[in-house]
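Asker: Sequence:
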Amino acid sequence: WVRKAKWMSSGFSSLPEEQSRERNSMDKVSVLQQQIMTLTEEVKSQKELVKLLHKALEAAQQEKRVSSMYLTAAEDKDRLELVRHKVRQIADLTSRLEALEQEKKELEQILTLRDSHIQELKEHVQLLMEKNHAKQEVILALTEQMTRELSDPLQEANTIAAETLYKQQEEIEHLKDDIDAYKTQNQFLNSEIHQVTQLWTRVAENEKALLMKCACLQARNCQMESKYLTVLRKLQEAVPGLPSSHAELVRNFIQQALQWDMEEETEETLFFELTFALCPSSEYDEYGFMTVPDYEVEDWRLLAKIQALEIKSNNLRTQEVVEKPLRDRWNSVVELNPSAELKSLIRSGIPTEHRQRVWRWIVSWRCGHLPHHYQRLLRQSKATEHPACRQIELDLPRTLTNNKHFSSPTSQLIPKLRRVLLAFSWHNPAIGYCQGLNRLAAVALLVLEDEETSFWCLVHIVENLMPADYYSDTLITSQVDQRVFKDFLSDKLPRLMAHFEQYQIDVSLITFNWFLVAFVDSLVSDILLRVWDAFLYEGSKVIFRYALAIFKYNEEEILRIHDSVEIYQYLRFFTRMITDGRKLMNIAFNDLNPFPMKVLRNRRSAHREELEAELHELEQIKAAYVKEKAEQKP
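Residue numbers (our numbering): 14 to 647.
Do not take every clue at face value.
[As the list claims (entries may be wrong)] Straight-line C-alpha distance at most 20 angstroms; calculated EDC-like pairs for lysine to aspartate or glutamate:
id : residue 1 : residue 2
1  : LYS611    : GLU551
2  : LYS356    : GLU366
3  : LYS117    : GLU61
4  : LYS337    : GLU220
5  : LYS318    : GLU632
6  : LYS429    : ASP408
7  : LYS337    : GLU354
8  : LYS417    : GLU354
9  : LYS596    : GLU630
10 : LYS117    : ASP128
11 : LYS144    : GLU186
12 : LYS565    : GLU514
13 : LYS429    : GLU462
14 : LYS318    : GLU299
15 : LYS429    : GLU406
16 : LYS642    : GLU632
17 : LYS148    : ASP193
18 : LYS505    : GLU570
19 : LYS642    : GLU630
20 : LYS505    : GLU406
21 : LYS77     : ASP91
22 : LYS135    : ASP193
23 : LYS429    : GLU398
Source of the hints: derived by calculation from the structure; they are not laboratory data.
Given the sequences, and given the hints that come with them, work out the whole structure.
Answerer: This is how it looks when you write it as structure tokens:
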């Protein structure tokens with residue numbers, strides 16, 4: 014027992030000596046490592062110095078060659094050119110020097126921040142080292158105390174328990190040290206995270222404020238351009254009464270306004286568009302429609318440009334207040350189910366990124382797909398030529414001429430449109446093909462992109478949304494709808510209808526095409542597709558609503574015109590005066606209420622009976638005339 018106690022005491026006494034030897038060896042290793050690092054840095058600096066000297070030598074040699082060229086130049090012109098080249102080099106070097114100085118300032122700022130950070134870390138390390146040193150002293154003191162206690166042979170039985178306790182205490186101290194270090198590090202990181210969060214919040218708020226300010230300025234700029242073009246249009250109307258010099262000046266201004274390069278505007282708003290995803294100022298919109306159609310009539314081109322600027326201004330002003338909340342509501346719609354909320358959302362307009370998904374759902378919900386039916390129709394159209402094939406080929410080049418996907422015979426969507434129309438002509442032999450179906454199918458292709466889905470969309474429009482015989486040879490139901498529309502015009506807008514009757518204006522000459530093709534080629538694409546959103550979901554009643562809304566939108570302007578020819582001329586392009594799609598939507602679905610479907614069905618039925626009776630009477634008169642001519646022929 015005594016020998017064992019002496020051996021334990023000798024082991025504990027040798028522990029500090031071993032620790033001191035290890036500490037000395039570690040210090041030597043660290044010193045050698047520092048020397049290696051110092052020498053490595055010196056070698057690097059020497060290499061950098063050699064590179065700089067090489068560059069200086071090359072520059073000196075280049076200068077020598079230029080000077081020799083200057084001295085050997087035969088003419089003053091050559092010397093002048095050399096001097097100019099040197100001036101350009103000096104200017105280039107000056108600009109590079111300024112850029113390097115700016116970079117140097119930024120690097121100095123970064124270095125200052127890093128120095129402060131390093132100083133904080135050094136203080137933290139110093140604190141930890143002091144704490145560690147204090148704990149080592151405590152450990153040494155406890156070790157000496159245990160050595161003295163273990164020297165007593167009577168306490169040999171408690172040696173094992175003391176060793177275990179010592180190890181546990183040592184582990185506990187290490188764990189406490191780790192906890193303190195982690196707490197300090199966590200506090201430091203939390204402080205940095207808080208500062209970064211504050212900086213990010215301030216930057217985000219400033220960015221949002223700047224973007225909103227930019228949107229307001231851009232909207233104001235569009236309004237100013239629109240007003241300028243409107244003034245030019247008024248001056249154009251007054252050109253016949255102006256002197257020749259003034260008239261020529263007005264014409265030059267109009268030509269310049271129509272030839273403004275859209276690329277300049279795009280460059281000015283590039284950052285704004287990429288950041289805020291606002292209405293782009295490009296030649297075509299996201300569906301390929303020209304933002305300013307290239308009409309042959311100069312006045313129409315001017316009106317189209319005014320309308321494009323006004324629409325862009327409205328979109329910029331409503332982007333944050335209206336469009337962004339609407340897009341957020343659509344983003345929250347995961348599953349589509351028929352409901353009053355979905356109906357309200359669709360009436361408000363479907364964002365571009367959701368439109369294809371919603372249209373596909375509407376078509377599949379309202380029109381049951383027959384498997385492989387479309388492929389079978391395509392095989393049939395290839396095997397047998399349909400009588401309507403010739404008319405389809407004639408109408409293909411005339412489809413959506415202001416859209417880049419259909420403007421050329423080689424456009425990528427022309428073959429798809431041909432196949433969809435031929436398949437429909439075989440699917441519905443009673444109709445076959447009617448002029449106007451090409452535009453309906455073209456709009457479906459632009460949004461849905463898939464041939465088969467576009468085919469079923471066309472079937473849904475012709476066979477579900479529109480009444481029977483709407484696209485037949487006689488177009489009898491289309492004529493009935495024109496009479497029904499005049500009744501609604503008398504009910505909803507009596508002053509305007511009285512004005513039309515006073516000047517004997519037949520609005521069906523303008524509106525017949527609206528109903529036949531659901532406003533395609535009559536409204537700009539932004540407003541047209543919102544009309545189609547509600548039309549595909551609710552049916553043909555939407556066309557009546559929007560047709561009345563268009564007249565309501567321009568009612569006051571029409572009432573100011575007191576000449577039948579001028580009224581007809583205005584009605585030819587007055588859809589180009591619509592610039593606020595939200596206002597038109599509110600008129601259609603709020604101001605014109607109530608608009609019951611039962612009344613629409615009853616009026617259609619009554620007018621159909623009247624029209625059929627008139628057509629029957631006309632057939633009788635025609636037959637009597639033919640019979641009379643046949644009797645008089647001998």
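Asker: Given the proposed pairing of LYS77 with ASP91, does the C-alpha separation stay at or below 20 angstroms?
Answerer: 17 angstroms, holds
Asker: Run the distance test for LYS356 versus GLU366: straight-line Cα separation, threshold 20 angstroms.
Answerer: Roughly 18 angstroms separates the two Cα atoms, so the pair holds.
Asker: Would you check the hint for LYS417 and GLU354, treating anything up to 20 angstroms between C-alpha atoms as holding?
Answerer: 35 angstroms, violated
Asker: Given the proposed pairing of LYS596 with GLU630, does the C-alpha separation stay at or below 20 angstroms?
Answerer: Roughly 45 angstroms separates the two Cα atoms, so the pair is violated.
Asker: Below or equal to 20 angstroms on CA atoms is what counts here, so check LYS337 against GLU220.
Answerer: 17 angstroms, holds
Asker: LYS642 and GLU630 were given as a pair; does the straight-line alpha-carbon distance stay at or below 20 angstroms?
Answerer: Holds, at roughly 18 angstroms.
Asker: Is the Cα-Cα distance between LYS144 and GLU186 20 angstroms or less?
Answerer: Status holds; Cα separation ~11 angstroms.
Asker: Does LYS505 pair with GLU406 here, judged by a C-alpha cut-off of 20 angstroms?
Answerer: 41 angstroms, violated
Asker: For the pair we were handed, LYS642 and GLU632, check the Cα-Cα distance against 20 angstroms.
Answerer: Holds: LYS642 and GLU632 sit about 15 angstroms apart, inside 20 angstroms.
Asker: For the pair supplied as a hint, LYS505 and GLU570, confirm whether the alpha-carbon distance does not exceed 20 angstroms.
Answerer: It holds: about 17 angstroms lies between the C-alpha atoms, which stays within 20 angstroms.
Asker: Take a quick look at whether LYS429 and GLU462 sit within 20 angstroms of each other, Cα to Cα.
Answerer: Given that 20 angstroms is the threshold and the Cα spacing comes to 9 angstroms, the pair holds.
Asker: Does LYS429 pair with GLU398 here, judged by a C-alpha cut-off of 20 angstroms?
Answerer: Distance of about 17 angstroms is within 20 angstroms: holds.
The structure shown violates the earlier hints numbered 5, 8, 9 and 20.
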